[in-house]
Amino acid sequence: MIDDDAVRHIANLSKIEVDDDEIQEFKRDFERIIEFFNRLDEIDPDVEPTYNVIPLKNVVRKDMPRKPLDREKVLANAKFREEGYFKGPRVVE
Amino acid sequence: MDVVIGLEVHVQLNRLKTKLFCSCPLDYHGREPNTHVCPVCLGLPGAMPVINREAVRSAIKVALALNAEINPVMRFDRKNYFYPDLPKGFQISQYDMPLAWGGYVTIETESGEKRVTLKRIHMEEDPGKLSYKGSITTAKYSLIDYNRSGAPLLEIVTEPVLRSPKEARTFLNTLRIILEYLDVFDGDLEGAMRVDANISIAGGGRVEIKNISSFKGVERALAYEITRQKNLMRRGRKIERETRHFDEANSITVSLRSKEEEQDYRYFPEPDLVPIYTSEFVDDVKDALPEMPWEKRERLIKQYSLSLEKAKILVLDPKMADYFERVAKEIDPRVAASWIVDVLRGELNYRDMSFSEGERRLNSDELVELLTYFLKGRITEKGVVEVIRTKLDHGGSVEEIIQSKGLFSIPQDEIDRLCREAIEKNPKAVEDYRAGKKQAANFLVGYVMKMTEGRADPGETARKIREILEEIS
Ligand SMILES: [Zn+2]
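One line per chain: the protein sequences are A and B, in this order.
Residues 1 to 93 in our numbering are what the first sequence spells out, letter by letter.
Residues 1 to 473 in our numbering are what the second sequence spells out, letter by letter.
Warning: the hint list may mix true and false statements.
[Said to hold, decoys possible] Computed cross-link-like contacts, SDA-like style, restricted to lysine to any residue with a CA-CA straight-line distance of at most 25 Å: (1) LYS319(B) <-> THR106(B); (2) LYS376(B) <-> GLU366(B); (3) LYS57(A) <-> LEU273(B); (4) LYS79(B) <-> LYS67(A); (5) LYS57(A) <-> PRO45(B); (6) LYS15(A) <-> GLN263(B); (7) LYS133(B) <-> PHE80(A); (8) LYS319(B) <-> GLU330(B); (9) LYS87(A) <-> PRO87(B); (10) LYS73(A) <-> LEU44(B); (11) LYS114(B) <-> PRO290(B); (12) LYS73(A) <-> TYR141(B); (13) LYS15(A) <-> LYS114(B); (14) LYS88(B) <-> LEU69(A); (15) LYS79(A) <-> ASN80(B); (16) LYS312(B) <-> GLU110(B).
[To be verified] Simulated coverage check for chain B against chain A, where a stretch passes if three residues somewhere in it have a Cβ under 8 Å from a Cβ of chain A: (17) 28-34; (18) 139-145.
These are calculated hints, taken from the structure and not from any lab test.
Quick reminder that beta carbons are idealized off the backbone N, C-alpha and C, glycines included.
Input sequences plus hints: build the corresponding full structure.
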């Protein structure tokens, strides 16, 4: 059920390049992962799904502004910048 | 031909002070790029989101006002896609447990009231903003500003029940008014409301038009799309299911390169946020709900004996309704309503001026002062209009304007005196009149008009002059 195209599709979504021989490797890994997940089918379907593992709810904060990060720090790790902007690739098709 | 339209409306909860998941200030409009950001809204590793309590309250407010069914438990999910405006590589949104399901908005159409039903309302964060130096088509790179990143958004999705571009626009206008009544939204701010529209014509595929940023734009994009699709059908072509982009400058829609595969967002629960049990907020929010436009309309009709037509217009803007109520405390409410709705609002529309701007230039006390002169007969209807126009265009005090423009009417006994004077000083005209030349009276009216510098009412003066002439003959 995991074919070469499925691996390519997932690689594309993850923005990862894979070679043809790597595809075979991933295929085997994915099969094992899916097999592992299939064990969930053995669980009683009436059990509440676990959306969150921490027993907390309604953690909120006040609507009070705090000083933002200094712009020099904001841009400190940017490889490319211009006039206070991050510079990125052209994305219009 | 049958046209079916559905809208996805992105509304910024821009009356809040901070972003959805961090404490960055929301007043980023017109500010330097990347000055309203922090590790959370920049998506830096290890930064943790915490939801804004007031954003939850505002969202619940909207869901209640739109008659939607609020989920007892809502939670957040990650919507994964790569785009430079999205620093984390995913957007925190809601998927299968959103804020609310259903709901409706009642709109006025040419054929009466219509209920526009909603599918769902969910909360999400706004992405950052891309811009290009020079032309979007020739720029070699994009510039990214994350000030907007993490701003609180509501996505309101309608069922495909709208039948024309005009209905779509009416729906958006009505929605805007409701949101402004709730004080969660300022529609004047740039990017406050962005719309994706789905449209299909009977027999054709569904076409989605992405990211339209104005009300007029929605109407124009849809109108263009209907024409385009009908023309294709006429030529026997098939309407393909696709996504298009609205080119605002040219009022056309253009095809985005259709991706072979469906977008695959791989939604999964956001592990850094805990669920929200809405019942802890709902009662509180319910108590704080303001009077809604339809409620205010009914109250105005009852309390001030206004016509439905006048009340409908007054409630279009809560500021206008408040203004009316302040004026109506001092003078006859029906007179007040008619001056505000028919004259003041018309003058504002003519100047493309918002009501709040108009209110700054002519406040309710000043309108009371002006209308009191009118009701006492000290100034004519035309004079009132002239004062309103002058106030809007140049300012000044009401009394000064009336004085300097000579708009105070001449008291009736002064008019009477001038009529008698006209008759005494013009025996020839009187003689002509008696001899049957009825138009000779016009000469006498002219005399009064000249003496009053045109401030006397000519019809009224003529009547008075004929009355005196008959009396003394
Ligand atoms: Zn932030």
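Hint check:
A threshold of 25 Å between alpha carbons decides the hint, and for LYS319(B) with THR106(B) the separation of about 21 Å falls inside it, so the pair holds. Distance hint between LYS376(B) and GLU366(B) is fulfilled; the C-alpha atoms sit about 16 Å from each other, no more than 25 Å. Distance hint between LYS57(A) and LEU273(B) is fulfilled; the C-alpha atoms sit about 9 Å from each other, no more than 25 Å. Taken as a hint, the LYS79(B) and LYS67(A) pair is broken in the structure, with Cα atoms around 28 Å apart against an allowance of 25 Å.
Using a Cα cut-off of 25 Å, the hinted pair LYS57(A) and PRO45(B) holds, with the two alpha carbons roughly 24 Å apart. As the CA atoms of LYS15(A) and GLN263(B) are separated by approximately 14 Å, the hinted pair is consistent with the 25 Å bound. A C-alpha spacing of about 15 Å is found between LYS133(B) and PHE80(A), which places the hinted pair at or below 25 Å, so the restraint holds. Proximity of LYS319(B) to GLU330(B) is assessed by CA-CA distance (about 18 Å); at most 25 Å being required, the pair is judged to hold.
For the proposed pair LYS87(A) and PRO87(B), the alpha carbon gap of about 13 Å is at most 25 Å, so the pair holds. The suggested pairing of LYS73(A) with LEU44(B) holds, with an alpha-carbon distance near 12 Å, which does not exceed 25 Å. Taken as a hint, the LYS114(B) and PRO290(B) pair is honoured in the structure, with Cα atoms around 23 Å apart against an allowance of 25 Å. Straight-line distance between C-alpha atoms of LYS73(A) and TYR141(B) comes to about 22 Å, which keeps the hinted pair within the 25 Å bound.
The straight-line distance between the Cα atoms of LYS15(A) and LYS114(B) is roughly 47 Å, outside the 25 Å bound, and the hint therefore fails. The hinted pair formed by LYS88(B) and LEU69(A) meets the criterion: a straight-line CA distance of about 17 Å does not exceed 25 Å. Our distance criterion of 25 Å between C-alpha atoms is met by LYS79(A) and ASN80(B), whose separation comes to about 24 Å. Of the supplied pair hints, the one linking LYS312(B) and GLU110(B) holds, its CA atoms being roughly 15 Å apart against a limit of 25 Å.
Figure legend: the stretch 28-34 of chain B, annotated as covered by chain A; annotation consistent (3 residues with Cβ-Cβ distances under 8 Å, at least 3 required). For the stretch 139-145 of chain B, the assignment as covered by chain A holds, since 7 residues bring a beta-carbon within under 8 Å of that chain's beta-carbons and 3 suffice.
Hint violations for this structure: numbers 4 and 13, all remaining hints satisfied.
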